[in-house]
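**Student:** Put the two chains together into one complex; each comes in its own frame, and the hints tell you how they fit.
In order, the protein sequences belong to chains S and L. Each residue of the first sequence is one higher than the one before, counting from 1 in the working numbering. Each residue of the second sequence is one higher than the one before, counting from 1 in the working numbering.
Do not take every clue at face value.
Said to hold, decoys possible - Residues from chain L shown here face chain S by an in silico Cβ test under 7 Å; the list is partial:
1) 20
2) 21
3) 43
4) 50
5) 58
6) 59
7) 66
8) 129
9) 131
10) 132
11) 136
As the list claims (entries may be wrong) - Listing some non-contacts, in silico: residues in chain L with all C-beta distances to chain S over 12 Å:
12) 12
13) 32
14) 44
15) 45
16) 96
17) 110
18) 120
19) 148
20) 149
21) 158
Please keep in mind that the hints were generated in silico from the structure rather than gathered at the bench. Here the structure is a predicted model, which means the values were calculated and not measured. Beta carbons: idealized from backbone N, C-alpha and C, even for Gly.
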Amino acid sequence: MRFDFYEPTTIGECIEMLTHFGQEASLLAGGTDLLVKLRLRHIRPQAVISLGVIDELKKLERKSDGSLEIGAMKTLQEVESSNLLANEFDLVRQGAGCVSSIQVRNVATLGGNSCNASPSADTVPALIALGAEVQIVGPHGERHLVLEDFFTGPGETVLQKGEILTEFKLPAPSSHSGGTYKKYAIRGEVDISIVGVATRLTLDRNHKLQEVRIVLGGVAPTPNRVRRAEDMLVGQDPREELFEEAAQLAAEESRPISDQRATAQYRREMVKVWTRYTLQETFQKARQNHHGKG
Amino acid sequence: MKQRKELNVNGKIYEVFVEPWRTLLEVLREELHLTGAKMGCDDGNCGACTVVIDGKAIKGCLMLVPQAKGKKILTIEGLGSGENLHPLQQAFIDHFAVQCGFCTPGMIMSAKALLDEKPDATEEEIRSGLQGNICRCTGYVKIVEAVEAARDKLAQKSNPL
Ligand SMILES: Cc1cc2nc3c(=O)[nH]c(=O)nc-3n(C[C@H](O)[C@H](O)[C@H](O)COP(=O)(O)OP(=O)(O)OC[C@H]3O[C@@H](n4cnc5c(N)ncnc54)[C@H](O)[C@@H]3O)c2cc1C
Ligand code: FES
Ligand code: FES
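So that you can see chain L by itself, here it is in the shape it has in the complex (with noise of 0.2 Å):
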């Protein structure tokens, strides 16, 4: 049976009328059409749905959107917008850390929860922090050093001295 539902995503509240057991991924991509999120297995290996929840990575494929009831949902269309991309966007073009893109949003938003977390977490911090990450085609190398290049960014634009 539908039920309406409201979900805060990227700070905008949505309206929608889903049954309970479909997936917060599921009614991110089909009734929201914010097609940002993956889903690459739907079981909770991959890694390509990951949205951040309340300031924590999750994975959408895992969560049911009853689940996400009241919680402030940020996906990667919420990051940045157009021609202004968040350091994080900017970091993984700069650094090749893209071939065919499918992993770059989950890996994008389980960064951002990291650095959020931990501004100046380490190489080893940032690898343990992606492990629920899958990537086929970049073997991780330029990934990470993405994430390190916009660590560096980002501590420089909160204290520019």
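The shape of chain S in the complex, shown without the other chains (with noise of 0.2 Å):
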């Protein structure tokens, strides 16, 4: 590792850094991905450009029309533990407390989690069903995309030379909704997911399903939506023969590999067990959410 270390104060003198140093700039967020790909000369970069005192990157707002903005530079703890995520919000809270360890929560980011594009980072399936969209800023200006289309492969995104993600944006979401997130691997939250499932359900006035996502983690080259098994809840009666059909469709629909983890029918198998799962305790959720709020 040898490098120069920059640590500019607002967004536009980073993007300009960036844009100096092209190919040869990392930019540090938390650093808990990066340092390890410095550390085993995966990169070899010229400069580190730090993200850490540009204060604009750390806000987290509730806007007058209900939806959230959070900025890439929140701590996955800041996240997990903020009041403003709770009820709502509640699955990115979730998805952050299952990474890792509080020491790497204390330190890697919300922004740090997508932008290193992991098949099976944790926030994002969460992020994704909440339908998140990101900020990114770059040269030429700022520009908007649903999260989901953000990754193109493992470790791969639509970030251009120059550009970073800035926030999340969360809609304001129903409040007759309810969102789980399970995360299996071998040894619980310190380990990489061998699946992860996300799912939200929003219940109309009569109880039928009248919003569904279900994206699944860790077993395609990026996070991505079941849209098949989407599609063939909405208008339902929630049932748990539906819910099950749903977990089959979401295991024909991944596309896993096998590596040391797991091999690619079990990962198969376990999607079918967790999104049934997960659609259960959502349902609850959103029930118990109708129920109380009339």
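**Tutor:** Structure, rendered in structure tokens:
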């Protein structure tokens, strides 16, 4: 490892530096992924540019329309313990709480978890299930896209030279909804997910399924929604057999690989089990919220 | 290129000349000779390098030294002094929570951050707070008992009735 260290104080200054150094620069958020890559010499940047003292990236704000904005540099611990994220946005807290240990969550950031683009990043399925949008700022201004379109492959994103992810925007959720993220790993939180499933259900007045999101992590090159299963459930009366069917569809749609943690076949089987469990749990939460708020 | 850095460790300001790619753990051990924090895996998995920064437990091997600028760093050396042990240190001895001792400084620093934040942490909270610290000797039971004992001792101190 050999590099110069830079600490811009504004987003503008940071983008200038990034543009200047081009391929020779690496951005540092919390560093929990980057340091490992530097140490293993997977990357050898000339410049490491820290986002650590850019205050604009540390906001956490509920807007008057009920939506929420989370800066890319919020740590996973801040996310997990934030009261602003309780209730409707609790899915994000569940995802953040699943990442490794407290020592890692105290420095790892929400932005870093997405930008590292690991297929098994634990906050990503939860954020996608909540309909998160990302704001990207670069030399040519800013652009927005939904988080599911941010990833292009393992370790790869749509970020272009000079661009940074600045914040996540979560749309105002309906109160008649619930969400669950479940991670399956051999050694619990401290281990990387074999499978991660986030589900979100919104009920209409008649207790039918109005909106459904099922998002899988760890079983395809990028985290992704299982649209076939989602579409099948929309408009239906929630029933046990339907959740079972949706879980089967999710397993069929997944494209897992075999590695040292699990075989593809095992992963697919776990997608089925975890999707069914999370749908059941999510339905209970949505129903309670429905009753609770009338 | 070496740069002058000021580090605030255990209430003392140290001036060091180090390259920006050195980790906080390396600098604590090799420049400041504070060898309490241990280097186990050097990639964030074992927790032997745990120190407390601005009240929060972190892994020293996962932090570059410039990231610690302006922060208050607490290591095991800053916890007690010779004869005068911190209740956590005394409890680890009294409850046989130390065997080879390699994980102990990290365990104690994680426990310290946890009890500072949650003085009434339950057994479950203690277990989850220590999840990032691996011990290959004790089997954890004694460690959890020690932290519970220290918690009770600290509660007595702050509330003498
Ligand atoms: C021991 C250990 C266990 C772990 N366990 C888990 C786990 O269980 N689940 C899990 O999901 N992850 C896990 N991780 C991975 C890691 O902690 C997370 O991915 C973390 O959220 C990364 O955030 P960071 O701020 O540390 O990112 P960094 O390491 O600073 O950055 C990661 C990458 O994203 C880029 N980047 C960061 N922020 C931005 C931005 N705003 N704009 C553009 N690019 C950016 C960086 O250049 C870098 O390439 C683990 C890591 C370790 C070391
Ligand atoms: S040496 Fe830092 S976690 Fe193992
Ligand atoms: S006492 Fe030996 S590793 Fe814990």
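**Student:** Let me make sure I understand: some of the numbered hints might not hold for this structure. Which ones are they, in numerical order?
**Tutor:** Of the numbered hints, 11, 14, 15 and 17 do not hold.
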